[in-house]
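A.B. asks: These protein sequence lines map, in sequence, to chains F and R.
Using the working numbering, the first residue of the first sequence is number 9, and each one after it goes up by one.
Using the working numbering, the first residue of the second sequence is number 4, and each one after it goes up by one.
By construction, these hints were calculated from the structure, which means they are not laboratory data.
Keep in mind the model is a prediction, meaning the values are calculated, not measured.
Be aware that a few hints might be false.
Said to hold, decoys possible - Below, in silico cross-link-like pairs of lysine-lysine (DSSO-like), each with a Cα-Cα straight-line distance of 30 Å or less:
hint, chain 1, residue 1, chain 2, residue 2
1, R, Lys-545, R, Lys-589
2, F, Lys-136, R, Lys-589
3, R, Lys-291, R, Lys-447
4, F, Lys-71, R, Lys-439
5, R, Lys-493, R, Lys-447
6, F, Lys-71, R, Lys-503
7, R, Lys-545, F, Lys-50
8, R, Lys-33, F, Lys-136
9, F, Lys-51, F, Lys-100
10, R, Lys-447, F, Lys-163
11, R, Lys-439, R, Lys-291
12, R, Lys-447, F, Lys-51
13, R, Lys-416, R, Lys-496
14, R, Lys-33, R, Lys-354
15, F, Lys-163, R, Lys-416
16, R, Lys-416, F, Lys-100
17, R, Lys-545, R, Lys-291
18, R, Lys-503, F, Lys-51
19, R, Lys-439, F, Lys-163
20, R, Lys-354, R, Lys-439
21, F, Lys-163, F, Lys-138
22, F, Lys-50, F, Lys-71
23, F, Lys-50, R, Lys-589
24, R, Lys-354, F, Lys-138
25, F, Lys-163, R, Lys-33
26, R, Lys-354, R, Lys-416
27, R, Lys-493, R, Lys-291
28, R, Lys-493, R, Lys-503
29, R, Lys-503, F, Lys-138
30, R, Lys-496, R, Lys-447
31, R, Lys-545, F, Lys-138
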Amino acid sequence: MRWLTVVVALAFLVALVTNPPSVLAQGGENLPTDDEVNAIAKKLYCPVCPNTPLDVCETLACKEWREQIRDQLAQGWTEQQIMDYFVAQYGKRVLAEPPREGFSVLAWLLPALGVVVGAGIVIQVLRKWKARRAVATAVPPTVDVPPEVVARVEKELQDLW
Amino acid sequence: MIADIGMLSLTMALLLAVYTATAALYGGWKGRWTWVESARNASVMIFFMLTISVVAVVYSLVRLDLSLAYVSEVSSRATSLFLRVTALWGGQRGSILFWAWLMSAFLAAVAIRKWDTDRVLMPYVIGVATLTTGFFIWLVVFVANPFARMWVVPGSDEIVKAVLPPRGATPFIPVDGQGLNPLLRHFGMIGHPPTAYVGFTGFVIPYAFAVAALITGQSRSDAWIRTTRRWTLVAWLFLSIGLLLGGRWAYDVLGWGGFWGWDPVENAMLMPWLTGTAFLHSVMITEKRGMLKVWSVVLIILTYLLVIFGTFITRTGLVSSVHAFAKSSLGLPFFVFIGIMFLGSFTLLLKRLDTLRSEHEMESFLSREAVFLFQNMLFLAITVAVFWGTVFPMISELVTGERITVGPPYFDKVTGPMFAALVLLMGVAPLFAWRKQAARTLGKALWGPFAVATLIAVVLGFWQRMHPAAAFGIWLVIFVALTTLLEFWKGMKARMTVRKEHPLEALVNLIARNRRRYGGYIVHLAVVMMALGVIGDGYFQKETQAPLRVGQTLSLQGYTIRFDGLRQYMGSDGREVLEAQVSLFKGDEFVRVLRPRRDYFIVQQQPVTIPATHTTLAGDVYVLLVGWEEITASSATFKIYWNPLIIWMWSGGIMLIVGTLIAWWPTRAARREVSYVLRPGAMRPQPSSGG
């Protein structure tokens, strides 16, 4: 886990250098609320923890990132701008779902394709079954079953249900 | 000393497994019955040997034998007795032994119980089941041995963990162990992991029977399906309980306000559940109509492969996840094993395709067969989507070099519509007749529920200004609940008029006489209840967060919390507890005191946020302590979730257990159950081997 700590620390440094926190720049009066921050953080993923949305992540790094969102909101950034900023800084992995462009399109296409192909196969199979029945009924049954046996079977089947 | 006995019996178990598989397969192949009998006895011995090993590990954990690497990994002086025992499955080494032990228990049980009834299949059932059990025993012995000790090798900084001392090494015994992963230090430890493991390992039985049927050519008949039906139900039930308890545990411990996060490991468990559920349904067609034989075999093979894939994911840390507490170098052996199983099973299937011809045909697209087929297709499509979403980050990293996240929004969007379609089919399928269903009678039966559900959904939707998808979800839940309840009512009415029974008596008799069918419908109702929980969680969850000074309040959904104070103390098990006290009010009325807390595990440097919840029928108030003023402790930040309808999730879970048990409960009639083949040409009753 040590390398992870190093990565976090490095990511931090990079973030600080490229975008110094603007705590001083704020008026302090109309700071964005936690709810406003979380609404955006919810849509982002912690760049370092496994599968953790940024709004619930407990690491110190994530806390700082949430404060950064607050700062950006205070400076009048839009949600899209903030999201774009995080993607530019930490890569597409901060997005909760794969973007619908480039290679990631495959993530969306394959399940859809699966359903279409699956439905196609099901319909084909059903057609085949129906067709086979047409053939089957054309041939009369070869063994004669006494009607009383059929009646008994029918009755037992009825009882079964 | 005890550890040595455990190691010895573990080695014996491995040797026995090799012998059992060889003797069973050889005896079956050559028709040497004494070999097969010997294999049976040996397979029971494997279970006894592994039991000794498991007892030895538990004993070492309880006595804190720190000379064992595993004990120092998952236990410590501060660990309670409860957690010391459950630590058996709290880490890599122990959990694989536990897994192998459970699987050997299933193997021994089937070898004893099914010995007289399924003689033809037995050699191969024992052979195949022992091969997979043997693989896990091999892993325990050679890759993740819980009896490995720690050694200091001169000239090296690293401590070597091995059973036998490396050359010139001296034993290393730490002063204290590291203790269990903090997230696992919870009462849920007794529930979720063992049930999940029983569920996973239980699928070895239907799989072994399917493969044995293919090997012997017995796949021509559906006897193997009848024999394994109740075993499959046990595995399925435990897998379901494991999923539910896992969800409950996440809800109680992980502190994100939900019960399902589409985490890779959750997915790994959901996938075999999906294909297993599809299998439980497809075998109905195979039994009743002699159709979908190949498909049923494919599904059980797939289910078992996914079970192994699931362990592969969980135990190797291949994908990042909250469960990644057990990383190691198990990857390659698992990969090879899955490959062999995949190729072997499907080659066998292809060779035996001729035994799996469909017997019957159907008359109309409007038939239960067609509905079942679509339902199976959807189960598989969801599995594919979940699989794809789970492995896509890896594939993306391989191809583009960039790691991306495939999170809950993806899975919700992709699988949501498919689950909805599945629930809809679940509601209408019981109304379809086999072979052919007249559209008119179907319309007649569906008209009532459709109208009622539409009315309620539209009114509620407008009144509550619901998202269209949420309103549709409500419609779906009501519609399916009504159609399913109508099935009960129809059966009850018939009994009430024909046999003049009291309504309650009619209901009880109806269920008791058709346990399989009505047990299944009860499970369907349970799924509807859980769907309601999912809709509540997905569309109506609310949250708010704010820093509060002592005495200040925060409101959500008619509830108000007041921050009363913070207190810090040393908890048990090496944790520093920061506990907030808040008063919960509904309107102006005081309800109760809640104590959300943050446990900080000092050694692991890991915080765990424990929510405080207030549960009502309408929903849960779920309070989290997310931050606080370090020095004065005069202010703290709270997050409140309003989780509506969530109680339906858990009560639905209980209903699912009840329904499955009813469907599972043996009937005397089942023993002389007769396989009817409706075509006159083949009308010979075939006595089945019983369930």
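A.B. asks: Could you run down the list of hints and mark each one as holding or not?
C.D. replies: Evaluation of the provided hints:
{"no.": "1", "hint": "Lys-545/R x Lys-589/R", "in the structure": "holds, 16 Å"}
{"no.": "2", "hint": "Lys-136/F x Lys-589/R", "in the structure": "violated, 62 Å"}
{"no.": "3", "hint": "Lys-291/R x Lys-447/R", "in the structure": "holds, 26 Å"}
{"no.": "4", "hint": "Lys-71/F x Lys-439/R", "in the structure": "violated, 61 Å"}
{"no.": "5", "hint": "Lys-493/R x Lys-447/R", "in the structure": "holds, 13 Å"}
{"no.": "6", "hint": "Lys-71/F x Lys-503/R", "in the structure": "violated, 69 Å"}
{"no.": "7", "hint": "Lys-545/R x Lys-50/F", "in the structure": "holds, 13 Å"}
{"no.": "8", "hint": "Lys-33/R x Lys-136/F", "in the structure": "violated, 40 Å"}
{"no.": "9", "hint": "Lys-51/F x Lys-100/F", "in the structure": "holds, 12 Å"}
{"no.": "10", "hint": "Lys-447/R x Lys-163/F", "in the structure": "holds, 27 Å"}
{"no.": "11", "hint": "Lys-439/R x Lys-291/R", "in the structure": "holds, 15 Å"}
{"no.": "12", "hint": "Lys-447/R x Lys-51/F", "in the structure": "violated, 46 Å"}
{"no.": "13", "hint": "Lys-416/R x Lys-496/R", "in the structure": "violated, 41 Å"}
{"no.": "14", "hint": "Lys-33/R x Lys-354/R", "in the structure": "holds, 20 Å"}
{"no.": "15", "hint": "Lys-163/F x Lys-416/R", "in the structure": "violated, 49 Å"}
{"no.": "16", "hint": "Lys-416/R x Lys-100/F", "in the structure": "holds, 19 Å"}
{"no.": "17", "hint": "Lys-545/R x Lys-291/R", "in the structure": "violated, 47 Å"}
{"no.": "18", "hint": "Lys-503/R x Lys-51/F", "in the structure": "violated, 60 Å"}
{"no.": "19", "hint": "Lys-439/R x Lys-163/F", "in the structure": "holds, 20 Å"}
{"no.": "20", "hint": "Lys-354/R x Lys-439/R", "in the structure": "violated, 33 Å"}
{"no.": "21", "hint": "Lys-163/F x Lys-138/F", "in the structure": "holds, 28 Å"}
{"no.": "22", "hint": "Lys-50/F x Lys-71/F", "in the structure": "holds, 13 Å"}
{"no.": "23", "hint": "Lys-50/F x Lys-589/R", "in the structure": "holds, 27 Å"}
{"no.": "24", "hint": "Lys-354/R x Lys-138/F", "in the structure": "holds, 26 Å"}
{"no.": "25", "hint": "Lys-163/F x Lys-33/R", "in the structure": "violated, 45 Å"}
{"no.": "26", "hint": "Lys-354/R x Lys-416/R", "in the structure": "violated, 40 Å"}
{"no.": "27", "hint": "Lys-493/R x Lys-291/R", "in the structure": "holds, 22 Å"}
{"no.": "28", "hint": "Lys-493/R x Lys-503/R", "in the structure": "holds, 14 Å"}
{"no.": "29", "hint": "Lys-503/R x Lys-138/F", "in the structure": "violated, 42 Å"}
{"no.": "30", "hint": "Lys-496/R x Lys-447/R", "in the structure": "holds, 17 Å"}
{"no.": "31", "hint": "Lys-545/R x Lys-138/F", "in the structure": "violated, 51 Å"}
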